[in-house]
Amino acid sequence: MVDAVENGGDAILHFDGVVKRFGGAAALSGASLTVRRGTVHGLVGQNGAGKSTLIKLLAGLHRADEGTIEIDGKAYERLTPHLAEALGIHFIHQDRLLVPTFTVGETLFLGREPRIAGTPFLDRAAMRRKAAEMLDRYFGLQLPASALIADLSAAEKQIVQITRALIANPKVLVFDEPTAALVRREADLLFRLIRRLSEEGITILYISHYLGEIVDLCDTVTVLRNGRDVATLPITETSAAKIGALMVNRAIGELYPKPQVTPGETLLQVENLALTDRYDEVSFTLRRGEVLGFTGLVGSGAKEVVRTLFGLDRPTGGTVSVKGEAVFATDPAKATAKRLALVPEDRRRDGVALDLAVTENTTLASLGRFSRGLIDRGAERRQTEDLVKRLQIKTDGIDALVRTLSGGNQQKVAIAKWLSRQSEIYLLDEPTVGVDIAAKVEIYRLIGELAERGAGILVLSSDIEELLGITDRVLVFFRGRVTREFISSETSPDQVLTDVTGAHETLRHAG
Amino acid sequence: MATASLSAFTRGIGRYALVAALAAVFATFAALAPGFLSGANLVSVLVNNFALLAIVAVAMTFAVSAGGIDLSVGTAIDFASFAFVSLVLAGQPIPLAALGGLAGGALVGLFNAVLIAGIGISPFLATLGTLFVGRSVQQLLTNGGNPVYLPPAGVPEAFRFLGHGSVAGLPVPLLVAALVIAGAWLVLSRTRFGRVVLATGIQASVVRYSGIRLSRVTAATYVLVSAIAAIVGLILTSTVTVYIPSSGNAFLLNAIGATFIGTTFDPHGRPNVPGTVLGVLLLGIVANGLLLSGLNFYWQQVGTGLLIFSVLAIGFANRKAAARA
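Protein chains in written order, with the working numbering: chain A, 33 to 543; chain B, 11 to 335.
Just so you know, not all the hints are guaranteed correct.
Said to hold, decoys possible - Here are the simulated distance ranges between beta carbons: (1) B:Val-177 with A:Asp-418: 41 to 51 angstroms; (2) A:Ser-64 with B:Ala-30: 20 to 30 angstroms; (3) B:Val-53 with A:Thr-133: 50 to 60 angstroms; (4) B:Gly-130 with A:Pro-146: 47 to 57 angstroms; (5) B:Leu-185 with A:Ser-185: 38 to 48 angstroms; (6) A:Pro-132 with B:Leu-109: 57 to 67 angstroms; (7) A:Gly-429 with B:Thr-201: 51 to 61 angstroms; (8) B:Val-124 with A:Leu-93: 51 to 61 angstroms.
Hints listed in this document are in silico derivations from the structure and should not be mistaken for laboratory results. The structure presented is a predicted model; accordingly, all values stated were derived computationally and were not measured. We treat Cβ as the ideally placed atom computed from N, Cα and C, and that holds for glycine.
Take the sequences, apply the hints, and build the full model.
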């Protein structure tokens with residue numbers, strides 16, 4: 033596939049100097065994009081960079097104000113959704129509407145139902161046969177054609193969409209944020225499928241927020257920023273960090289603003305901590321001003337240790353002490369009393385209450401500070417306003433429900449809650465998952481600022497590049513044990529990855 | 011900003027709907043029901059149709075705020091009443107007997123707390139179970155449900171004070187209701203406990219992850235609900251000088267209705283004490299007005315049901331509009 037790029041395989045899609053304005057604002061201001069036949073082409077950019085406008089132009093949903101769009105070497109001035117499909121361009125969109133009360137079979141053949149020869153009647157038998165054949169061939173899936181769309185999981189609905197596109201023998205498949213609603217395992221299946229479709233000669237245009245996916249999957253990536261293409265690179269010559277830096281127009285160093293802090297007293301000391309069947313012999317210390325990273329696969333024990341520290345699980349052995357004092361946190365209330373804070377991975381379930389206001393969320397863990405019998409609402413509002421300003425939380429005001437905030441800003445509220453509590457030990461579990469790149473950088477900066485102010489921070493992340501960029505040290509968990517400790521500034525992601533996947537274990541056994 | 015002011019406007023209508031319904035119902039009965047506007051009748055509405063239900067509904071508001079419900083408020087009323095009457099019959103001084111009554115009611119809440127916060131049964135099923143168990147226990151205690159009378163000669167004046175007394179010309183039940191309403195409003199909207207109860211009802215796991223002991227909050231909520239309801243048991247017993255087994259359940263459905271009608275009074279549809287009080291007032295006026303209009307008794311419940319539907323429908327439509335804006 034990389035060969036195709038290097039050999040300059042012909043362009044199946046070619047956008048040249050495309051401009052699209054909505055009212056006064058230009059969503060695209062001279063964007064160019066060339067997708068070569070048979071490649072997997074990634075398209076990335078922050079929200080508002082122009083990705084979806086570009087895709088809508090291709091789908092014939094909007095018309096360009098300036099510039100040309102060529103498909104298979106032929107320029108089209110008046111693309112319509114129907115024409116785009118006729119030219120073999122199909123779109124897989126997570127939010128694409130499927131009629132919930134239709135069956136799988138009806139959905140697959142909607143608008144192009146096979147008929148019994150010479151009659152106006154639908155050939156249901158043929159529909160069933162063809163649907164079953166396609167689903168089995170590409171997905172190894174026995175999804176009955178009579179199943180209702182409403183009963184399918186997000187992944188199955190996506191499969192139906194893809195199958196529907198495949199039935200039409202597509203030339204180009206456009207995936208728009210396809211993994212947003214999928215769990216990890218489902219996403220892996222999707223990636224395998226995309227590689228296979230690519231081998232079968234279908235050109236893929238792949239749009240995603242997740243730069244890791246782009247790097248794994250694509251041959252070439254184009255970065256959009258402010259309505260223009262700022263770079264098109266072969267994937268072999270770039271990395272997720274470089275792509276991220278291009279998206280936000282910052283140098284890589286600025287992406288991970290890590291201040292130099294001299295560590296102070298020991299805040300947290302963990303010795304031989306164990307939880308049967310989860311982890312064993314876990315020992316480490318966390319000092320003031322330090323940012324410590326945890327990483328490991330699912331089930332490696334890293335997340336379970338964090339849960340234990342916050343009192344969510346009880347350890348079966350070992351000791352934890354905070355500032356030299358032994359602590360046995362049997363519930364989060366005891367942990368928070370020791371000034372521990374947890375920013376949980378499932379932010380929308382455990383981190384913030386979506387239907388409480390920004391104020392109510394911010395002070396939820398520290399109401400004691402604001403109440404003498406009655407809550408001092410003035411003090412509560414002042415504290416919230418301070419934190420909104422300090423964390424640059426974008427909200428319609430402190431009385432807005434947290435539901436109305438973007439993912440990154442919701443995460444900042446989850447952190448603000450602990451700043452209000454004046455916590456000293458921060459446990460951050462995947463703090464930047466589902467957060468756009470600009471908000472990520474702000475969260476990194478905030479972590480650095482907390483360290484400067486003397487907090488101890490423990491970050492659990494599966495994004496190793498991020499982890500190395502923002503921490504002082506990284507502990508790698510493998511099968512319930514800390515197998516390696518790295519000094520972040522002296523380590524490359526590949527070195528960590530070897531330990532995360534346990535490759536060194538295999539080597540050791542083999543050697 | 012335009013969308014913000016639009017949603018504020020529609021929410022404004024949502025709050026206005028409940029007050030408007032109240033005004034409309036009041037005006038209708040003032041015009042149609044003979045004697046509705048008389049001073050004596052209005053006082054009777056407040057004492058007979060409002061005060062006791064308001065106390066129960068305010069109690070219910072706590073349970074609904076915490077994301078639950080308490081179907082056993084009637085049981086708490088009955089247990090309070092039974093304990094009160096029994097202690098008086100046993101010759102205990104009235105204030106002590108009254109305290110015993112409150113404790114008897116709170117005991118029901120403690121039982122709920124164990125089921126809900128301790129064992130983890132859903133509030134609906136736990137309190138439904140308590141309702142059934144409470145009914146049986148009362149039948150066992152009273153030889154199959156016989157009322158327990160206080161001998162007319164032996165009823166001390168102090169006993170009748172809660173039900174029949176007045177302070178500065180105001181009937182005691184109404185005063186007690188006013189105190190309960192004011193206290194509950196402060197607790198629910200202005201204290202740490204109230205805030206945590208509200209947060210529990212909205213997203214319990216966040217409360218737990220914020221380092222707050224969820225089970226304690228839940229337990230305290232259900233004990234409080236029963237303790238407030240127990241006050242009604244005392245007033246009721248004092249009014250009629252008799253304990254009638256399982257009579258407290260009469261308040262249950264109206265209390266739930268008033269609480270949910272009251273949610274339309276909050277911009278975010280949260281249960282709230284002022285809304286609940288308006289809901290009780292609405293139900294009370296309708297019950298009294300329909301009675302005075304000479305409408306067949308059996309139609310009264312239809313009227314109440316229609317009222318609940320319409321207020322909730324308006325509130326829901328407005329919230330949806332606000333969400334869309």
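Evaluation of the provided hints:
1. B:Val-177 with A:Asp-418: 41 to 51 angstroms: holds (47 angstroms)
2. A:Ser-64 with B:Ala-30: 20 to 30 angstroms: Check failed, 59 angstroms falls outside 20 to 30 angstroms.
3. B:Val-53 with A:Thr-133: 50 to 60 angstroms: holds (57 angstroms)
4. B:Gly-130 with A:Pro-146: 47 to 57 angstroms: For Gly-130 of chain B and Pro-146 of chain A the Cβ distance comes to about 54 angstroms; the hint holds.
5. B:Leu-185 with A:Ser-185: 38 to 48 angstroms: violated (58 angstroms)
6. A:Pro-132 with B:Leu-109: 57 to 67 angstroms: Between Pro-132 of chain A and Leu-109 of chain B, where Cβ atoms are some 58 angstroms apart, the hint holds.
7. A:Gly-429 with B:Thr-201: 51 to 61 angstroms: With Cβ atoms ~24 angstroms apart, the hint is violated.
8. B:Val-124 with A:Leu-93: 51 to 61 angstroms: Between Val-124 of chain B and Leu-93 of chain A, where Cβ atoms are some 59 angstroms apart, the hint holds.
Violated hints, listed in ascending order, are 2, 5, 7; each of the other numbered hints is respected by the structure.
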